[in-house]
Amino acid sequence: MAAPLQVYQAGTHEIGGLFPLLAASPLPAVGARMGYDVHSGGAFYLHPVEFVLRSICTNPNMVLFGEPGRGKSSTVVAFLLRMMLTGVRTLISGDVKGEYTPLLHALGVTPIMLGRGSSARLNALDLGPLAARWDVWSTERQRDELDGVLGRWVQLLVALAEAQGYRPTVTDEAALSAVLRQLLGVRDGYTQLTPITIPDVHRMLSDPDEQLWQSLRFAGRRQFLDHLRSITDALANLISGPLAGLFDAPTNFTVDWNAPIQSLDLSRLRTRGDQAVAVALTCLGSWSSLATDLQEDGELRIVVRDEIWRQLRLGLRAVQAVDSELRLSRAERKIQILVSHKPGDFLSVGATGSQEVAIARDLLALCSIRVLLGQSTRVASELADVLALSDKEHDATTGWANDRQGRALWKIENRTGLKVQTVLSRIEREIFDTNSQLVSKPNRLPSNDVAAMPS
Amino acid sequence: MSTATRIYKGLSRRERAGWIIGLTPVQAFVCVGLAVPVILALAAGRFGQALVLGGFCGTAAALVVVPVRGRPALRWLGHLLLYRVGIALGWSRWQSRAVTGQTADLDEPDLPGVLARLRFPDGPPLRDVGRVCLIHDTGEGRWGATARLTHAGVGMLSDVQCERLANRLGNLLLSIGHREVIGRMSLLVRTIPDDGADYQAWRADHDVPDAPTLARQATAELDRLVGAVSVRHEVFVTLSGTEDALRRPAAAAGGGVAGRAAVLYRVLDGLEDKLKSLGATGVKWLSGTELAVAIRTGFNPATAAGLAARRHRAGNEEGVRWATAGPVHAPAPSARAYYHDGFATVSYSVLMPEAGTVFGSLGGLLAVKTAGERRSVAIHYETLSQHRSRKAVRRLRFRTGVVRDWKSSKGFNSGAAEAREAGGARAQEHAVAAGHGIVRFAVAAAVTIPETWNVEDHAAKLENDIAGRFQLLRMELAQDAGFVAAVLPVGVGLPRLRGGAS
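In order, the protein sequences belong to chains A and B.
Sequential numbering of the first sequence, starting at 1, is according to the UniProt record's numbering.
Sequential numbering of the second sequence, starting at 1, is according to the UniProt record's numbering.
No wet-lab data here; the hints were simulated from the structure.
Since the structure is predicted, the reported quantities are computational estimates derived from the model, not experimental observations.
Check each hint, because a few of them may be wrong.
Straight-line Cα separation of at most 27 Å, DSS-like style, residue types lysine-lysine; simulated pairs [to be verified]: (1) K392/A / K274/B; (2) K274/B / K284/B; (3) K369/B / K392/A; (4) K407/B / K391/B; (5) K276/B / K392/A.
Listed next, the stretches of chain B that the computed footprint assigns to chain A, with coverage defined by at least 3 CB atoms under 8 Å from CB atoms of chain A [stated by the list, open to error]: (6) 29 to 36; (7) 265 to 272; (8) 331 to 343; (9) 471 to 480.
Here a beta-carbon is modelled for each residue, glycine too, at the ideal position from N, C-alpha and C.
Construct the complete structure from the given sequences, taking the supplied hints into account.
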């Protein structure tokens, strides 16, 4: 017997009112199970690389926006921890507030601490794995890799000079490139690379040999010194300024790249000022990308860039550096995670209409996965503008997301936003509690911090 | 930004609405027939006899006319008779041949009830998506195909965007009416309790042995916290056309199954973009084994876990063979629920509210409240041809107009409902004149739970969840057919329109 369904007739102009496709189809159950989608009641999974492979989005980068205390770092840390189950390793490229350090301790990994009370030194021009692999490479490969490294270092030094208000010229860049090449010893046909530091570069710029200024077509030594005075002084500030002793000496620690997570904790650097932290983040960014580029394990790696706005404010070159990292993430099998407070951070990196602002604005387009945690109304309007949110999505970021920690609107490329509640397990809650610093624990021994200090 | 949410009206016009004070011509004819002896008796002056006849015929007329729970008594009687005969002759009991070891061919469909008349031949490959399974309804003479949609959802869309989607659905149905081959579309949404089988299978493949213990502990705890309570949504669309419409172009395309497939494919390809404009991010036409999986998991949601594990092991959609797509065992359905493979389903026909409805109001039917419960909603649409649409609206305008004019000529006031009806009829006629069409549609909803749970309790919860928005009419005595209409993506559910839709 046929089902005696009640049959109706309606016009095609009204029938759309009965729209059954209401809940979103779930994203594939791969990667880290983050929590649940409030609308559909389904579990929410996240694996940016699988999403790219399944054509859900075009790049594996993520950006998180949220006011302090809304659960940004908990969301990131939960993701990192859950991805470890599938062998994905993580590098925290500059932990400004030391938020990731408890996780490292819980996993039995010692973070690298830079700053007050720590003897750790990181050579901004560290050769990293390059030195170890140099001998086994063919001449052609050596040339390729060297070009890559030199390009990166020139970018770094230029960015550092720019951070101090000096806008380098192409001549400066050419000079830096020549200096670095000469210091490395490759011009002389040595087979072995010579480790160098920023003071070496400074020394060479302030006391150039004849061959250097001649090869750069300067009329004389005096002209070379005068022309490169600004960039030489900018580098000098790195050696003698608030960052003295941090990035200007040979690296004195080894990083265990096989550990599930590695972090460079900058929380002890905060007393040296925002500028110092930003410069440190730039040095770290350059160093860590060189170090992870050459890891040939073929495995996925997550790179977390916390408080990205500090780095972006250093100027055009810093913005360009982040931009190129994001563009390369697919090829290098990396998941880049940018953590920031508000989109305004990206738009206030330079004057209105400037190149840095244009690139910074495009950074958002290079992050397919946008996580919008609770925001105040003004910032939320900014977000709605930049990401073209619908009214309901806008309301979700100002209302719903503010009601509870870990609630966020997840916008994956141009798909409709998903209201996701991140769920933390009991163990995670204990480790990730970022408010623990606000609670005084008189009986607690400061053993953890002591153990964390690298010798 | 729109300030008011649009209310969609004119959805509650029943297809078989009566001409005269709500009676169908047959009912009116029976009533007149029953009145004749009474009138004759009165004319002959036999008042006593007239009184007795009046009582008798009046009761008979009431049985024919007064609907109780959607059906007049005589229809109830007919359905009860069919139901009883079905049980007595063993039609409705079901035992899979595969279980009894009588299966000769594993690719031969072996399905119960209404589904027995369906055949599932594989069509030739469609572009690069592989072979598509055709659904041949030998009873009604229809050919169709089913696709699985991935959908972005509408939860975060603004009212304007929602209205745009509603218009697009209307336009899609209109365009279906303009195509000669396809006439029907069924959209089916069903939730499935997410037992995390897919995730477990993926994790088993990607797990590294030296993962930190902490990560393992946290994940195990989350499996219990999140995994146990979540649900997933499956969306299917089935498009079908009649054999009559297909025959000639199919013969030109080579005839047989391949010819019919070729004709259907032309239309399906064209409709894919329109489905995407409804918010679908992916449209995947199902092959035979994939459709068999959809039917199998319809009957037995618990098999989803095993199938997911198998799919991950094989690396592709391995599916199930047609001989095992149906339930293993289904006893004769009880009057109020259908039991199949350890699950029980209660199906409903969804009644449209007179006052209209807002976009997304069906959502309550899919809001699962208890972990392990499954809900589904299916809407079957059929677009009438332009000619029939015009005829339908003209008849409707005439019908509402006649009664109102008669009342006003006799000095009666017409009520608000009548005025609304007349206004709606006129609006519909204007819309059709402006290029819109008329769609006949039926909405079915169902709730499936493990057999050991209290069926009535969950049925009542479903009714409660949608109370105030839609009324649900339980498909008593036809729960097995209701199950097919509400849960299985085969496009069966809408009764045939007398004289055809074109």
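Outcome of the hint check:
With a C-alpha separation of about 25 Å, the suggested pairing of K392/A with K274/B holds against the 27 Å cut-off. With a C-alpha separation of about 14 Å, the suggested pairing of K274/B with K284/B holds against the 27 Å cut-off. Our distance criterion of 27 Å between C-alpha atoms is met by K369/B and K392/A, whose separation comes to about 24 Å. Distance hint between K407/B and K391/B is fulfilled; the C-alpha atoms sit about 24 Å from each other, no more than 27 Å.
The suggested pairing of K276/B with K392/A holds, with an alpha-carbon distance near 22 Å, which does not exceed 27 Å. Look at the stretch 29 to 36 of chain B against chain A: 0 of its residues bring a Cβ nearer than 8 Å to a Cβ of that chain, fewer than three, so the hint is violated. Interface restraint, the stretch 265 to 272 of chain B with chain A: violated (0 residues with C-beta to C-beta distance below 8 Å; minimum three). Under a criterion of three residues with beta carbons nearer than 8 Å to beta carbons of chain A, the stated coverage of the stretch 331 to 343 of chain B fails, only 0 such residues being counted.
Chain A is given as covering the stretch 471 to 480 of chain B, and this holds because 4 residues of the stretch bring a CB closer than 8 Å to a CB of that chain, at least three being needed.
Checked against the numbered hints above, the structure violates hints 6, 7 and 8; every other hint is satisfied.
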